[in-house]
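Enquirer: Sequence:
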Amino acid sequence: MAAAQPKPTAGTARRLARGCWSAFWDYETPKVIVVKNRRLGVVYRAVQLLILLYFVWYVFIVQKGYQDSETGPESSVITKVKGITSSEHKVWDVEEYVKPPEGGSVFSIITRIEVTRLQTLGTCPESMRVNNATCDSDEDCVAGQLDMLGNGVRTGRCVPYYHGASQTCEVSAWCPVEDGASVSQFLGKMAPNFTILIKNSIHYPKFQFSKGNIENRKDGYLKRCTFHEVSDLYCPIFKLGFIVEQAGENFTELAHTGGVIGVIINWDCDLDLSPLKCNPKYSFRRLDPKHIPASSGYNFRFAKYYKVNGSTARTLIKAYGIRIDVIVHGQTQPPKAASSSQAGKFSLIPTIINLATALTSIGVGSFLCDWILLTFMNKNKIYSHKKFDKVCTPRHSSGSWPVTLAFVLGQAPPPPCPGSAEPGRVGRPQDKGPSQALAALPPQPRPTFTPSEQMVDAPEQSAGPELCASKHSQQDPALMDPRGLAQL
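In terms of UniProt numbering, the sequence shown opens at residue 1 and continues consecutively.
Only true hints are included.
Below are the EDC-like pairs computed for lysine to aspartate or glutamate, each with C-alpha atoms no more than 20 Å apart in a straight line:
#, residue 1, residue 2
1, K281, D270
2, K387, D370
3, K318, E178
4, K290, E245
5, K281, E245
6, K99, E114
7, K304, E114
8, K290, E249
9, K80, D232
10, K189, D93
11, K318, E114
12, K211, D232
13, K239, E249
14, K211, E229
15, K199, D219
16, K80, E102
17, K206, D268
18, K304, E96
19, K31, D370
20, K218, D232
21, K189, E253
22, K199, E215
Label-pair distances were calculated between CB atoms; the ranges are:
#, residue 1, residue 2, range
23, P350, G220, 43 to 51 Å
24, H89, K307, 18 to 26 Å
25, Y54, G220, 46 to 54 Å
26, P205, W57, 27 to 35 Å
27, P293, P350, 43 to 51 Å
28, T375, K290, 51 to 59 Å
29, V94, Y221, 20 to 28 Å
30, D232, Y306, 42 to 50 Å
31, T312, K99, 17 to 25 Å
32, S137, T315, 30 to 38 Å
33, G241, G144, 49 to 57 Å
34, K206, N279, 14 to 22 Å
35, V94, P350, 43 to 51 Å
36, T375, A17, 33 to 41 Å
In case anyone wonders, no lab produced these hints; they're calculated from the structure.
Beta carbons: idealized from backbone N, C-alpha and C, even for Gly.
Could you put the whole structure together from the sequences, leaning on the hints where they help?
Expert: Set out below in structure tokens:
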């Protein structure tokens, strides 16, 4: 009858936990082995070279990894438009065609208007553009109905339209409604010659650096200059036609439908250099999607109120125009996009961090080559055997300190010959005194090794108590051959 298997006890669990705790405090140190393999050496140096090129060229030169960065500059924008234009029956000045007049970073220049004059509160036909506004009789119009996309409250009557034979429901609103009596006027004849002054100043709090885009001159320079990228960089006076042309748009078409143009100021500053090297760069592009009819163009409405014979009247104006958005992005990293303001200055902390990262990343080459050796190369068992050793501390049962000293000095006692030692305690060195035990040991010639032999054959010295025996040395005879590693 088979004996019952012993069940795990609490003592077994404690020994397992003690072993895991002891293994936790083990120390691992790399062992250097030189492998004479040209192909592997080429892979190793190629990986190191690629890593060095990445950090030197991209991180330090392109991204300027040695510089400190800031979230963004404090920026201020002030604008001013000048010029006059005319329509069919009127001359327009800047007070009328610029909205709003405060001169902020976002403003509109009116280029076309649709005017509905002398609107008063009363009843009139609804616009035909409103859904379900057409009718054949009064039964088609519901009194009191309010359409949020219409112009007023329906009275319940079906009346003739402003022109033609059509009929629409009557509404109580500002009459006549916009579509019934509006007149279009084009203001864009002289608009390309409008001048726009854009004053911009920036400040980087971290670096205590401030600069503006206007040159500090007292000879009336701004009154006679216009912007030029080379000769007049610090004269931020732009013609409206120049802005639209730089954005790649047709001015006449844009003036009829309206649109949004972005004036983007980019401060690309390296604060390690002179402040004269910190210059603004301007770019222009259209911001509204012109290829999508539902969202392209730009227009808005406003009204001018007045009294006629004691009654309130108004002129409704639907304005189409070019909206200008002046954008100054705040990003103090090295250049990444054409629409950001950058500034950087040397700092020791990012330099040390990037250098440490570069030196650490070089170790990727060693990891990759070790993986190739252990996985794909021939005789990878030999390499594994030579690379990994396990060093154990000597046990207390090995004897007194003279015997331990003999092990350390390489004078290990010879193994007892079978049948030569009689049973009992007679003749055993550990039963004698320390000096007698050391003297009783037969003299052993101390082995001498060359440095290369010590490096290659270290895992095979299992006589001393400091190296744990490897199972591979007992199973694979090829692992004991010191010439095996040289064949990798």
